[in-house]
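Line by line, the protein sequences give chains A and U.
Here our numbering is used: the first residue of the first sequence is 94, the next is one more, and so on.
Here our numbering is used: the first residue of the second sequence is 94, the next is one more, and so on.
Derived from the structure by calculation, the hints contain no laboratory data.
None of these values were measured; they are calculated from a predicted model.
A couple of the hints might just be wrong.
The list treats identical chains as one, so a pair stands whether inside a single copy or across any two.
Under the rule of at most 25 Å between Cα atoms (straight-line distance), these lysine-lysine pairs were calculated in the PhoX-like manner [unchecked claim]: (1) Lys300 / Lys334; (2) Lys378 / Lys253; (3) Lys101 / Lys211; (4) Lys114 / Lys101; (5) Lys211 / Lys461; (6) Lys165 / Lys211; (7) Lys101 / Lys300; (8) Lys101 / Lys407; (9) Lys145 / Lys101.
2 protein chains.
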Amino acid sequence: MSGADAVKEDRLWQRHADMAKLGGTPRGGVNRQALSPEDAAARNQLAEWAQKRRFATFADRIGNLFVVRSGKDAGALPVLSGSHMDSQPTGGRFDGMYGVLAAFEALEALEDAGIETKRPVMAVAWTNEEGSRFQPGAMGSAVFAGVYNLDEMFCQKDWKGVLLKDALAETLTAAPAPVRDGAPGFPVDSYVEAHIEQGPRLETERKTIGVVTAIQGSRRYIVTIDGEEAHAGTTPRAARKDAYAAATRIAAAMYAATTDPDDTLRFTIGRVEVSPGSPNTVPGKAVFTIDMRHPDNAVLAAHEATLEAIVAAKAAPCPARIERVTNVPPTDFDPTVIGLVRDKARSLGLSHMDMPSGAGHDAMHIAKLCPTGMIFVPCERGISHNEIENATPADLAAGAKVLVEVLEALANR
Amino acid sequence: MSGADAVKEDRLWQRHADMAKLGGTPRGGVNRQALSPEDAAARNQLAEWAQKRRFATFADRIGNLFVVRSGKDAGALPVLSGSHMDSQPTGGRFDGMYGVLAAFEALEALEDAGIETKRPVMAVAWTNEEGSRFQPGAMGSAVFAGVYNLDEMFCQKDWKGVLLKDALAETLTAAPAPVRDGAPGFPVDSYVEAHIEQGPRLETERKTIGVVTAIQGSRRYIVTIDGEEAHAGTTPRAARKDAYAAATRIAAAMYAATTDPDDTLRFTIGRVEVSPGSPNTVPGKAVFTIDMRHPDNAVLAAHEATLEAIVAAKAAPCPARIERVTNVPPTDFDPTVIGLVRDKARSLGLSHMDMPSGAGHDAMHIAKLCPTGMIFVPCERGISHNEIENATPADLAAGAKVLVEVLEALANR
Numbered sequence: 094m095s096g097a098d099a100v101k102e103d104r105l106w107q108r109h110a111d112m113a114k115l116g117g118t119p120r121g122g123v124n125r126q127a128l129s130p131e132d133a134a135a136r137n138q139l140a141e142w143a144q145k146r147r148f149a150t151f152a153d154r155i156g157n158l159f160v161v162r163s164g165k166d167a168g169a170l171p172v173l174s175g176s177h178m179d180s181q182p183t184g185g186r187f188d189g190m191y192g193v194l195a196a197f198e199a200l201e202a203l204e205d206a207g208i209e210t211k212r213p214v215m216a217v218a219w220t221n222e223e224g225s226r227f228q229p230g231a232m233g234s235a236v237f238a239g240v241y242n243l244d245e246m247f248c249q250k251d252w253k254g255v256l257l258k259d260a261l262a263e264t265l266t267a268a269p270a271p272v273r274d275g276a277p278g279f280p281v282d283s284y285v286e287a288h289i290e291q292g293p294r295l296e297t298e299r300k301t302i303g304v305v306t307a308i309q310g311s312r313r314y315i316v317t318i319d320g321e322e323a324h325a326g327t328t329p330r331a332a333r334k335d336a337y338a339a340a341t342r343i344a345a346a347m348y349a350a351t352t353d354p355d356d357t358l359r360f361t362i363g364r365v366e367v368s369p370g371s372p373n374t375v376p377g378k379a380v381f382t383i384d385m386r387h388p389d390n391a392v393l394a395a396h397e398a399t400l401e402a403i404v405a406a407k408a409a410p411c412p413a414r415i416e417r418v419t420n421v422p423p424t425d426f427d428p429t430v431i432g433l434v435r436d437k438a439r440s441l442g443l444s445h446m447d448m449p450s451g452a453g454h455d456a457m458h459i460a461k462l463c464p465t466g467m468i469f470v471p472c473e474r475g476i477s478h479n480e481i482e483n484a485t486p487a488d489l490a491a492g493a494k495v496l497v498e499v500l501e502a503l504a505n506r
Numbered sequence: 094m095s096g097a098d099a100v101k102e103d104r105l106w107q108r109h110a111d112m113a114k115l116g117g118t119p120r121g122g123v124n125r126q127a128l129s130p131e132d133a134a135a136r137n138q139l140a141e142w143a144q145k146r147r148f149a150t151f152a153d154r155i156g157n158l159f160v161v162r163s164g165k166d167a168g169a170l171p172v173l174s175g176s177h178m179d180s181q182p183t184g185g186r187f188d189g190m191y192g193v194l195a196a197f198e199a200l201e202a203l204e205d206a207g208i209e210t211k212r213p214v215m216a217v218a219w220t221n222e223e224g225s226r227f228q229p230g231a232m233g234s235a236v237f238a239g240v241y242n243l244d245e246m247f248c249q250k251d252w253k254g255v256l257l258k259d260a261l262a263e264t265l266t267a268a269p270a271p272v273r274d275g276a277p278g279f280p281v282d283s284y285v286e287a288h289i290e291q292g293p294r295l296e297t298e299r300k301t302i303g304v305v306t307a308i309q310g311s312r313r314y315i316v317t318i319d320g321e322e323a324h325a326g327t328t329p330r331a332a333r334k335d336a337y338a339a340a341t342r343i344a345a346a347m348y349a350a351t352t353d354p355d356d357t358l359r360f361t362i363g364r365v366e367v368s369p370g371s372p373n374t375v376p377g378k379a380v381f382t383i384d385m386r387h388p389d390n391a392v393l394a395a396h397e398a399t400l401e402a403i404v405a406a407k408a409a410p411c412p413a414r415i416e417r418v419t420n421v422p423p424t425d426f427d428p429t430v431i432g433l434v435r436d437k438a439r440s441l442g443l444s445h446m447d448m449p450s451g452a453g454h455d456a457m458h459i460a461k462l463c464p465t466g467m468i469f470v471p472c473e474r475g476i477s478h479n480e481i482e483n484a485t486p487a488d489l490a491a492g493a494k495v496l497v498e499v500l501e502a503l504a505n506r
């Protein structure tokens, strides 16, 4: 029996149902924010399942939780797979959790099929990917990869003023897994993360498996335009410095400039603040955010230059400035891992397509450490970060089948 | 001593300074929105000054506050003068408040000069002229004139969901003036409102007194666009229903359509709300206000049709709707009152000019009830609805002198 054959669709679906009770909301979603009692309950549930299968568990000092299925070669670097178990405040049942449960299903399938591997295979639940309670997100994987400093993260506070260090200590005390001393992070052979797509492409194209080639780069800006407040009834147009008229000129030009024929660039104005915000006062100030994403950093750089040119050309008579608040370059995944995902999907007879990831994931940090890849499965209407997030048992199982095959191949290389 | 001779420039200026403390902002303006605690404080201040002068005070059920100086003929209809004490969120110290304090100064001047009049002369502070917290503006005078229905106004909500009825009850409970039962509104002989110009013409033409002949028409709209929240990183443009992208298309087209060659049409988008307001979420909803004004009602009607056509053409794929919240046709003032203002300015040796008002004022509603006119005084650089709004003590006193002479003439006719 192959690893894929040993994947049990019902078991994987039931595990999602069990986890969805921990922080479950009346509308069918979950509120299981990082290092909350609900997050601790999910960790305990995973550790309990691991103990039943006699898989060892341990955590590191940022709270990343590992489940270990040993390999034949005690000295070989492990193959890692997982995602996160924390959710948005009004999150869904699959975002993150699927990647953890698919990895755990892969361990169980290898066990059930009696498949031995050279390398250990580990399932991992990274701490605080969502970043909705403690900033920044993807924290556990970033600390593991040495991108963020552990002690700095300890000092982060939630909106109630709770220190991350204290919330973490409470979570780890409650959990049965032993905590490894020292800085998080250890050498890893490779990493594969399964995730719902969180977008509509697989569903639209009627494909089951997304072979994720990269995580697109993202840049975020705040554009601030200073006008002059004036009376809407008495001030002639020629005498106005209307901050919102300028903002509209800039926004309209940017929407036009970012309308690429292949619909790859993601351009979003998500937050707009106009002040004083009175219907009969010419706006004295307008502030808006721009979120731009693309797999090619050069395209992002070109559109940043376009933004600068448009603001320079269109803001007058209002002074305007652009602040770039984040610049995360694209992550290209490892060709070997990408190839394995594609090959295994094909040999399992699953429809598939190559695609970049629109969203950020823990994999973007782990890709700095070792060969990394991702597997996407469809989610209903592409809706995520929403309590109505949904996926089918068959698609989740299909992704787990590809995952176990890829992990086995990596663990024996 | 004439009424004009009894006007005290220092007293009038000091009253402005005292009122400016109520809702005063660090930048020297005021935030005294309708039916706020600051508005209540201003009402109490006016009532307290009235009591010191032994003028009776009362309010009506929409909160309009009246100060009464009795006349000799108990059966004669009163002459009214006033404006409003509420301000924009970042408003100035003179808009509205000047008209109330000039009327109160006129009452004091008549008293100080020992001048008896046939008719009662009343100062009035109309409720919620600005309409920045509760829509529509000029509410108190409109209810007084029977233009708006009292019970409908009670149901208006501010942007936080507070009912006007509740805010009004709190304001009236705090105020010392008794509240008259029954529908607001009573017969009035005539009405004169003093106001800063809120535009640059008097300053440019070096005139002290504006003899206001008319108020241009104004229409206000709320445009609501429904989109669909989606992940900014994963959702292709073709799959988006981006409410703010649609709002920008509509706004850009309207700015273009309202760019008239003679710069007479006033077009303002003053309030913009985009939700959920997260930088990495495609906006699910956008709401913005439009304020349009022109002396010719037919021009306003034509631009309303243009707005409808643009929303119909540009909103897709988002459903959108336009709500017209106010439609105030142009107002022509009474020739007798206009003539009195012009004559009194001339006989006081004050430079003056005839002019229409660019802004709407409570006078536009009261003009439906009785002969009405307005007196403008200059404000610095024409800037209003702004914390730096400014006027000179001498100009304010000059306007009050014209006012008291006009009121005396009307009160004895």
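Hints, one by one, checked against the model:
Only between protomers do Lys300 and Lys334 lie at most 25 Å apart by alpha-carbon distance; the minimum there is 23 Å, versus 51 Å within a single protomer. In this assembly of identical chains, Lys378 and Lys253 lie within 25 Å of each other by CA distance both inside one copy and across copies; the values are 17 Å within and 22 Å between. For the identical chains of this complex, Lys101 and Lys211 are intra-copy neighbours only, at 24 Å inside a copy versus 97 Å across copies, given an alpha-carbon limit of 25 Å. Taking CA atoms no more than 25 Å apart as the test, Lys114 paired with Lys101 passes inside one copy only; the shortest distance there is 21 Å, against 73 Å between copies.
When the C-alpha separation of Lys211 and Lys461 is checked against a cutoff of 25 Å, the pair qualifies only within one copy, where the shortest distance is 23 Å, while the shortest distance between copies is 91 Å. Within a single copy, Lys165 and Lys211 get their C-alpha atoms as close as 5 Å, which meets the 25 Å cut-off; across copies the closest is 110 Å, which misses it. Only within a single protomer do Lys101 and Lys300 lie at most 25 Å apart by alpha-carbon distance; the minimum there is 21 Å, versus 83 Å between protomers. Proximity of Lys101 to Lys407 under the C-alpha cut-off of 25 Å is found in neither arrangement, the shortest distances being 57 Å within a copy and 50 Å between copies.
Only within a single protomer do Lys145 and Lys101 lie at most 25 Å apart by alpha-carbon distance; the minimum there is 17 Å, versus 87 Å between protomers.
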